[in-house]
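Chemist: Throw the hints in and build the complete structure from the sequences for me.
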Amino acid sequence: MKPAAPPPIVVILGSTGTGKTKLSLELAVRYGGEIVSADSMQVYKGLDIVTAKATRAEQAIAKHHLLDVVTPDRAFTVAHFREQALPIIESLLAAGRMPIVVGGTNYYIESLLWQVLIGDGVRREHVRRRHHRQTADGDDIDGGESTKRPKSGPDDDDDGGGGGSEVANQQQQQQQKPEQQVRELLDRCRAGAISVDQLESHDGPLLHKVLAAVDQPSAHRLHPNNKRKIIRALEVYLDSGGTQTMDQVLNAQRASPGASSLGGPLRYENVVILWLRCEQDALNKRLDARVDSMVAQGLLPEIRAFYEQHVKPYKHHDYHQGILQSIGFKEFVKYLQRYDTEQDRLLLQHLTAETTDGADQPDGLAALGVCLDYLKLVTRRYARRQQQWIKNRFLGTLDRDVPPIYALDTTDVTCWKDQVTDRAVAIIDAVVDSRSPPYEPVMRSANPASDSLSKEGFYECSVCQRVIIGEYQWQLHLRSNKHRKVAKRSAAASLGGVVEKKPAANAPEAAPDT
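So that you can map any letter, position 255 of the sequence shown is 255 in full-length UniProt numbering, and since no number is skipped, the others follow by simple counting.
Since the hints were made in silico from the structure, they are not lab data. The structure displayed is predicted, hence computed values, not measured ones. Don't take every hint at face value.
[What the hints assert, rightly or not] Only pairs whose alpha carbons sit at most 27 Å apart, straight line, appear in this in silico DSSO-like list of lysine-lysine: (1) K22 to K285; (2) K22 to K376; (3) K334 to K312; (4) K376 to K330; (5) K376 to K334; (6) K22 to K229; (7) K45 to K330.
Modeler: Written as structure tokens, this is what we have:
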């Protein structure tokens, strides 16, 4: 008797607020599966309400993986995610249990479905060094050790881990001319005398110039502000001892059987992708209501506690890294800086009072309202970006081998069982039984303009003072109302003032080849 075939991998896509958690729980219960969270913020401990993690009660319904696996002081990348998630999926398949991958970080999901990452990934986690505020005597106000690194001894190579030495390095960098900084960094990269941790202390545009000197094609593909990917490209160069570049590795990956313009081949054959969709107006209202419900659930005490522990004690914060970039926290930083816990208490009393007629409004009420309105705005924007990513990367790249994607309409929650649950079950049952599902997958189609224009290339608009990556985005920019308005106001008053840097002929300004 043949052993039973492993179950399919079920992937639930969709923007925030479409009901991914609800469907994942229903499917996990029905099929005895386990949920693999693919959310770049939910991997961090803390901010459970802000990041919309499955509640403790929901986690008790089905086993969840990759929630709360890293502390806020540590960097966690897609490479870390892949290295932790793939063994979990393989173990579940070997045990005959259905992996249900769910989350809104679509590039995390891509790293599982396709071989799109370089090498074996990161074998260590880089601690994001952050410095405690110090008293006049140099003593740490906060004695916590979670974000500290051991000080280097006199015989140790100083990698900038010590707080004092790194501050000195930063002061020295500020005094140097940019050309000197680029030349020095380039020399250290070529000599293999710099670590990834040390690269983190420099800004993106500076690192971009260094990358242009050692890997010009990769620099053409990356915006100077995309510091994370720039460092990743430099890391490939450093790890190989200067013998290999990101561009060379990507070209080899894309030339492998089954690969596409976006990377390597499909990793698994038996995959079902369920795409939860919702009409935008209905989704916007749902997202606004969710923000309001977060306040009732304890949003303010949660972000206050996190701020006091992980932000306030430190001099420097990067709200574009780790959990600090989470939508729902950084929008409240100005409020948290201006007001204290006593104001929080007064606000909560005011917000939860049955009636506020005649009552004085707390000082921070208006500021909090601005933060909440802004949170609603950025959440709606994020939802649209998630949808666009799916359309571009999953549906719009025709040379990519993509598993069937089935759309489920979650607009009307009163029809959830008929429109979502029952259809999802019918699709999965058919795949398990090796039958054709009763519903057709979404048709894939490329944007004609996007398909005919290169997505790579480095362009600079001197009118708008912006760098644009990709010919398609460049053409969109030139036709945008914003560009036209700025052009009219500029001294050039025409597109003749635009400097276009063609991919093959021009790279970002690099350090001299010494």
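Chemist: A separate judgement is required for each hint: does it hold in the structure or not?
Modeler: Each hint, compared with the structure:
1. Distance restraint check for K22 and K285: the Cα-Cα separation of roughly 18 Å lies within the 27 Å cut-off, and the hinted pair is therefore satisfied.
2. This hinted pair checks out: K22 and K376 have alpha carbons roughly 22 Å apart, not beyond 27 Å.
3. Restraint check for K334 and K312: satisfied, since their Cα atoms lie roughly 12 Å apart, inside the 27 Å limit.
4. Proximity of K376 to K330 is assessed by CA-CA distance (about 13 Å); at most 27 Å being required, the pair is judged to hold.
5. Restraint check: the Cα-Cα separation between K376 and K334 comes to about 16 Å, which is no more than 27 Å; the hinted pair holds.
6. This hinted pair does not check out: K22 and K229 have alpha carbons roughly 33 Å apart, beyond 27 Å.
7. Distance check on the hinted pair: K45 and K330 sit about 16 Å apart at the alpha-carbon level, within 27 Å; holds.
Of the numbered hints given earlier, the model fails hint 6 alone.
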